[in-house]
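Spelled out, the chains give:
2 protein chains.
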Amino acid sequence: MSLTTVICVLWAVSVGQTAGSQHGTNIIIMLMDDMGWGDLGVFGEPSKETPNLDLMAAQGMLFPNFYTANPLCSPSRAALLTGRLPVRNGFYTTNAHARNAYTPQEIVGGISPDEILLPELLKKKDYVSKIIGKWHLGHRTQYLPLKHGFDEWFGSPNCHFGPYNNSVCPNIPVYNNSEMKGRYYEEFEINVKTGESNLTQIYLKEGLDFISQQAVAQRRFFLYWAPDATHAPVYASKHFLGKSQRGRYGDAMMELDDSIGQILAHLVSLGIHNKTLVFFTSDNGAAVMSGPLQSGSNGPFLCGKETTFEGGMREPAIAWWPGRIPAGTVSYQLGSVMDLFTTSLSVAGVLPPDDRVIDGLDLSPVLFNNSLLDRPIFYYRGNQLMAVRIGQYKAHYWTWSNSWEEFNKGINFCPGQEVPGVTTHTQEEHTMQPLIFHLGQDPGERYPISVESKEYRDVLRRVTAVVEQHQKDLIPGMPQLNMCDLAVMNWSPPGCEQLGKCLKAPESNPWKCDWPH
Amino acid sequence: MSLTTVICVLWAVSVGQTAGSQHGTNIIIMLMDDMGWGDLGVFGEPSKETPNLDLMAAQGMLFPNFYTANPLCSPSRAALLTGRLPVRNGFYTTNAHARNAYTPQEIVGGISPDEILLPELLKKKDYVSKIIGKWHLGHRTQYLPLKHGFDEWFGSPNCHFGPYNNSVCPNIPVYNNSEMKGRYYEEFEINVKTGESNLTQIYLKEGLDFISQQAVAQRRFFLYWAPDATHAPVYASKHFLGKSQRGRYGDAMMELDDSIGQILAHLVSLGIHNKTLVFFTSDNGAAVMSGPLQSGSNGPFLCGKETTFEGGMREPAIAWWPGRIPAGTVSYQLGSVMDLFTTSLSVAGVLPPDDRVIDGLDLSPVLFNNSLLDRPIFYYRGNQLMAVRIGQYKAHYWTWSNSWEEFNKGINFCPGQEVPGVTTHTQEEHTMQPLIFHLGQDPGERYPISVESKEYRDVLRRVTAVVEQHQKDLIPGMPQLNMCDLAVMNWSPPGCEQLGKCLKAPESNPWKCDWPH
Chain F
1 MSLTTVICVL WAVSVGQTAG SQHGTNIIIM LMDDMGWGDL GVFGEPSKET PNLDLMAAQG
61 MLFPNFYTAN PLCSPSRAAL LTGRLPVRNG FYTTNAHARN AYTPQEIVGG ISPDEILLPE
121 LLKKKDYVSK IIGKWHLGHR TQYLPLKHGF DEWFGSPNCH FGPYNNSVCP NIPVYNNSEM
181 KGRYYEEFEI NVKTGESNLT QIYLKEGLDF ISQQAVAQRR FFLYWAPDAT HAPVYASKHF
241 LGKSQRGRYG DAMMELDDSI GQILAHLVSL GIHNKTLVFF TSDNGAAVMS GPLQSGSNGP
301 FLCGKETTFE GGMREPAIAW WPGRIPAGTV SYQLGSVMDL FTTSLSVAGV LPPDDRVIDG
361 LDLSPVLFNN SLLDRPIFYY RGNQLMAVRI GQYKAHYWTW SNSWEEFNKG INFCPGQEVP
421 GVTTHTQEEH TMQPLIFHLG QDPGERYPIS VESKEYRDVL RRVTAVVEQH QKDLIPGMPQ
481 LNMCDLAVMN WSPPGCEQLG KCLKAPESNP WKCDWPH
Chain S
1 MSLTTVICVL WAVSVGQTAG SQHGTNIIIM LMDDMGWGDL GVFGEPSKET PNLDLMAAQG
61 MLFPNFYTAN PLCSPSRAAL LTGRLPVRNG FYTTNAHARN AYTPQEIVGG ISPDEILLPE
121 LLKKKDYVSK IIGKWHLGHR TQYLPLKHGF DEWFGSPNCH FGPYNNSVCP NIPVYNNSEM
181 KGRYYEEFEI NVKTGESNLT QIYLKEGLDF ISQQAVAQRR FFLYWAPDAT HAPVYASKHF
241 LGKSQRGRYG DAMMELDDSI GQILAHLVSL GIHNKTLVFF TSDNGAAVMS GPLQSGSNGP
301 FLCGKETTFE GGMREPAIAW WPGRIPAGTV SYQLGSVMDL FTTSLSVAGV LPPDDRVIDG
361 LDLSPVLFNN SLLDRPIFYY RGNQLMAVRI GQYKAHYWTW SNSWEEFNKG INFCPGQEVP
421 GVTTHTQEEH TMQPLIFHLG QDPGERYPIS VESKEYRDVL RRVTAVVEQH QKDLIPGMPQ
481 LNMCDLAVMN WSPPGCEQLG KCLKAPESNP WKCDWPH
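Order-wise, the sequence lines are chains F and S. Residue 1 is where the first sequence starts when you use UniProt numbering, and the numbers rise one by one after that. Residue 1 is where the second sequence starts when you use UniProt numbering, and the numbers rise one by one after that.
Treat each hint with caution, since some may be false.
One copy or any two copies: either way a pair holds, since identical chains are not told apart in the list.
Computed list of lysine-lysine pairs in DSS-like fashion (alpha-carbon distance at most 30 Å, straight line) [as the list claims (entries may be wrong)]: (1) K454 with K243; (2) K205 with K124; (3) K409 with K238; (4) K238 with K454; (5) K454 with K193; (6) K454 with K409; (7) K123 with K181.
These aren't lab readings, by the way, just hints derived from the structure by calculation.
Please model the complete structure; the sequences and the hints are all you need to start from.
As structure tokens, this is what we get:
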């Protein structure tokens, strides 16, 4: 059966259905790791690694203007699950100005107990929630997923960096619910040399099984599917290795695409596709500093992960719900991962918390009526507002790629790209006269609009009002990512005793983490 | 009717048809001007300006690896119509090393009488041939289209630069067949300030009328449709101005896309779509040096027009022939505009000339059987071979963007992009140790493969053999683009007398043209 025929069949299915109330809808959020906007066939990647995602877009709604809340993994994921900017939910650092911080295994902090996560709220409507893959909201016991609303978990609290020697540094554990089942590079193999690992297949099977179980039991569910194969060290299973046209990263893309196709097909075969909202996106831009074998593409956008240029925060995004979301639609809505929090609550019939600021929008009018909601996008690094987008315009208040010191060591967040006065290697303040770009005309942020022009003055007036309002109301959360300590690393995670895999921690010796960029 | 439904209907049409012999097929080549690979929705441009081209791709065959024969207009167009590299057909200069040359109105030369053009050969099978739009193979009388096989012409011999004052420099004429009908900025208005011009509408009507006439008369035809709206100064008609999300260039894209949709729909309504091969492509990469309002996008590729980086020579390309070319196919064939010469002859049932080297391939096996033909792509600047692509690998023997002198004046062929040692501002020779890139893994030519690696040595051996063979057999044509003279400008084109638009030419004073880049 050809792709076209499949589209036709699903089209027929979708127009033949009457959409009922959305309350009680199952929710699947597929969050990729370091995948770039430009990695999808439907956004121009020419290697055709993503037939299933391209089909998902043809059957659903594609978002070319979708953003993460931070150009780095942990704050982005915390924002998705809380619906709040990292500067509010505490996933930032104040150790130095405008620095990206995350949760390596020496981090002391994690998600604050004061934050309310999406699965906690979904419990009000008896949803069963599972996270599969990377958590990244803190690896110490009190921060783990089952303490924050998830009923099930299969995956890991940190990045799959390694292999480590288990004396100076432990290998990262892989959990099943509240107990570790082994460690990366040990029970859960990743061959850094060949790039082979079976992890995506494991995460796929975990996902399919969870969906089947809930369908059989007729329980509402929330599945947060967060595989990490496209984060360095990039991996793929044997069947996919060497299959793509662009090396190991492309192989990982093909395997993730194949898995997503299998999950969607599984929903159809179980007959629950018309009561399940599936949203696909990524946690931050492609990590172009890692080179072509270990990173993806940010398409026409400037720089990548770690930066507040478009390449750091613009994400691929697709919403899919046959019979409810019109097939083959492109929405120009400015969207955010934080909207997944609010929109999920909306389709579940749960009110968001009213005791705090929620930054996410309910995208229901966009998904179901193709409306456009007016809203700004804020680009932060640490607690510093770096840039703002309103409509087609983006104003940079601060610019920085990374320091000369790092750059001279060969760490380049913008390889092959350099826009004088924009991709600066010193932190440059433009607060009095922001750099303004028209992203429709100039998606690559190469040609700042002349400060002499009427266009500039008009945009500046509009942006200033938005920023002043935002900053006036902003109460930063307590920063959670300031302290590090070797003693808190994954020496002896719960469950290590049964496996005989407990390791001896060093003495506690906390320090203020050094975040270089 | 939705896009999807249209695809389904055409799909049904195409599988229901039995393809007969291809001989005698009508041929339409749609050649855009300075349009970039990244300007199509189907290649990721997010402004959704090209629904008709995207549909054309869904109904036909899309080529992500298609190339022009030169990063500049005139040599590219001469190569298309002769099937031969500019270094063979004479469309180059030897005035300085590795310089791009074209046909401004002070050029003395043009297409050599020794070259055989596609429409001349198609006459053997009684094709009626028309060129609509830009010629650019020489504007002096002996070089014009009707002297080289075309039966009809509506358009202009040169770029629509201007307005000029008609004393130091004449405005460019617009011809109907062998006589001028007026001049740009006079009878054929282009408002440089607002960007308004009706020219694309005129070119569209000319195209539709020509097709209708041949269909009624049941004559085989070759239409070379070469509008220039996306070449600076970019223009669009009133209906399209301000309609796109990215300014004037996007408006021009929308109008061209709309026109292409109308031409395809016209073929369907006349019932000749199943005996017409339509090929869409562009003459060179987007002219990114012109800034965002006047230029398009080269997607993930490095630099643009004038350079032998991918942004200069990779082109959007679509083949369309319902019932004959399988719908919705992507071909990874390395293709070239020169293949349009050979492929057109093949579908017309005409043998190519056997007294000269033809660089174009017959793509019939690709179009009809989705085969892959092994072939190199050669990247020239003047008569200097700058780079070669075989398979996924590209080897640069010389690198140059433009001179420091030009660059320091603000002329930038790679705005926002700079790859140290690659986008050099001096002509750098790498003949002994070419820079080699894997374009599948690294489409942006950012990460040269290590010369220490086995991969490098293997590729170098393969590339060296191809280049040695190419250079051993190469007999450069007589260069046609060396001499300039103000006296040869468009002072008194044929037909000026009736219009009272003849201007006085200065004395002849030829000089060796200065080609700065």
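Verification of the hints:
Only between protomers do K454 and K243 lie at most 30 Å apart by alpha-carbon distance; the minimum there is 20 Å, versus 52 Å within a single protomer. In this assembly of identical chains, K205 and K124 lie within 30 Å of each other by CA distance solely inside one copy; the values are 28 Å within and 63 Å between copies. Proximity of K409 and K238 under a CA criterion of 30 Å is satisfied in neither setting, with 34 Å inside one chain copy and 53 Å between copies. Taking the closest pair of Cα atoms, K238 and K454 come within 30 Å of each other only across two copies (23 Å); inside a single copy the shortest separation is 58 Å, beyond that limit.
For the identical chains of this complex, K454 and K193 are inter-copy neighbours only, at 16 Å across copies versus 56 Å inside a copy, given an alpha-carbon limit of 30 Å. Proximity of K454 and K409 under a CA criterion of 30 Å is satisfied inter-copy only: 26 Å between copies versus 42 Å inside one chain copy. Proximity of K123 to K181 under the C-alpha cut-off of 30 Å is restricted to the intra-copy arrangement: shortest distance 27 Å within a copy versus 76 Å between copies.
Of the hints listed earlier, the one the structure fails to meet is number 3.
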